[in-house]
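Starting from the known structure of chain R, fit chain S onto it as the hints suggest.
For the protein sequence lines, the chains are R and S, in the order given.
Each residue of the first sequence is one higher than the last, beginning at 17 in our numbering.
Each residue of the second sequence is one higher than the last, beginning at 17 in our numbering.
Derived from the structure by calculation, the hints contain no laboratory data.
There could be a bad hint or two in this list.
Chain copies aren't distinguished; within one or between two, either way the pair holds.
Claimed, not checked - Okay, derived cross-link-like pairs now, DSS-like style, lysine-lysine, Cα gap no bigger than 27 Å in a straight line:
#	residue 1	residue 2
1	LYS283	LYS47
2	LYS60	LYS47
3	LYS276	LYS95
4	LYS143	LYS111
All values reported here derive from a predicted model rather than from experimental measurement.
2 protein chains.
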Amino acid sequence: MKIFPDCLLCMLRQVVEASRMAAEEHEVHEKIMDDSLKIISEYKKYRCSPDLCRVLHQAVKKHTGVADPYMHIKERDIKAALDLYPQLKRFLEKKGNSLYWALKTAGTGNIIDSALYNNVNMENCVKEELEREFSICDMEIFEKCLKAAKRILIIGDNAGETVFDRILAEHLQEFEIIYAVRSEPIINDVTLSDAYASGLDNCTKIVSTGCNVPGAVLEECSTEFTEIFHNADIVISKGLGNHETLSDQDRGIFFLLKAKCPVIAQKLGVALNDYVFKFNGNTAAKN
Amino acid sequence: MKIFPDCLLCMLRQVVEASRMAAEEHEVHEKIMDDSLKIISEYKKYRCSPDLCRVLHQAVKKHTGVADPYMHIKERDIKAALDLYPQLKRFLEKKGNSLYWALKTAGTGNIIDSALYNNVNMENCVKEELEREFSICDMEIFEKCLKAAKRILIIGDNAGETVFDRILAEHLQEFEIIYAVRSEPIINDVTLSDAYASGLDNCTKIVSTGCNVPGAVLEECSTEFTEIFHNADIVISKGLGNHETLSDQDRGIFFLLKAKCPVIAQKLGVALNDYVFKFNGNTAAKN
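Bound conformation, chain R alone (with noise of 0.2 Å):
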């Protein structure tokens, strides 16, 4: 996906977050924007935002010696999300395990992502948030492509929004559930370490994709990761970041995610913030 100007701010916007939350001084600060800005106004050469994002990051990494800045809201936000398991189990309950809502709250945890919303009220903005519908969601064909599939591939985006996937993995048990994660810290994105830490473990299995841009990028992806990829029956990528990195891929994926930036609700033809479970493919079923 094209770069836009308000990417540009918004990635620029992340980086000075990160630098602070990675360092105190002053100078620091001023050296990641320099190169920041030396980065970004070459943008023209990256593929898509989070392509030129992970080269931002990598400029806050080299210049506090911080490998992962975003530790501490990764783990404040993985907890956060724990301690709300069993009020999302209750809703799923109330809702009678309906698959729509059990997509439904796997969509609702693309609302942590701190990048974005960094004094985001976990709790509060949750219940509301769960109630609200899909503006777009191709559930006939997912039940349709459902009927046939054996193994599901999720591609996790945010730590924390992880529990709430968590929910969905845990609704299709009946299902071989593979979860892709980040090769490396990059932003708020979802690790290895924090998959495990929001219990994935118990219901998926756990890979990483090879590949440390907070987006898909295939052709940066293992081997490992690209097969399971290209064979798994059904793939359901979570957030922008894999939205951006593979809404031009040729297999039908499932794109499920808050369209939390007006770039990608327009993208989207959906209102800003609004819930989307969309299907990008020719058939219902893998190509």
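Below, chain S without anything else, positioned relative to chain R:
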């Protein structure tokens, strides 16, 4: 004042906003962004943020052919503020027509900064904001200065805020009040026509600073203005831009503003969004 990473972010956001106001074509937005990134990556060349801001907005004007992208926003804000004028007058009466609340009314006008809050609902906001007290208020020094004063210079900031300044100017009618504006349109800053549209010609002498930076840069101001600046008995500087360009000046200046940005709030030692009426100088009189 030094340029911080937050300032760069803020200015880039303004440029994206102004581009959208002045043009619809994505290609134009992209050209402006490309120029802006080049300009902003050399930010150390500039004295202060307002200086850099001018160059950025010249890129908007160049690529869109629109000399005043904020024209409609300024008209809207002035109209909304004029609608509030009777309410502001009543508020001051209710407060016993005190000097403190006349100053505070002018300070409150600083919320009308479309460059920062583009969806501010003025009426709802103003009631609450008017009642908030200054967190720094050098009232004693001001009252002492007033005793010996004849001529007061107010350096204006944003269009719309001008109507709130009128309340202060009307309160100080026993003095000769000069109201200074930018020499040409820059963001939503007040120009001659905006000052007239706000009714400031009835209670002040309106002059141009001769400078088109969103903040009075003395080296660039007209001889007429610099003479007024140095010879006025009291100088009141409104808003953030003027604070940035004038805070290192030798002569005593009263800075009247809302600390809307974290950088300025920290510099002034107040909380974000606090109101400030602060004297910057060694003596109570001009020096």
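Which numbered conditions among the earlier hints are violated in the structure presented, ordered from lowest to highest?
none
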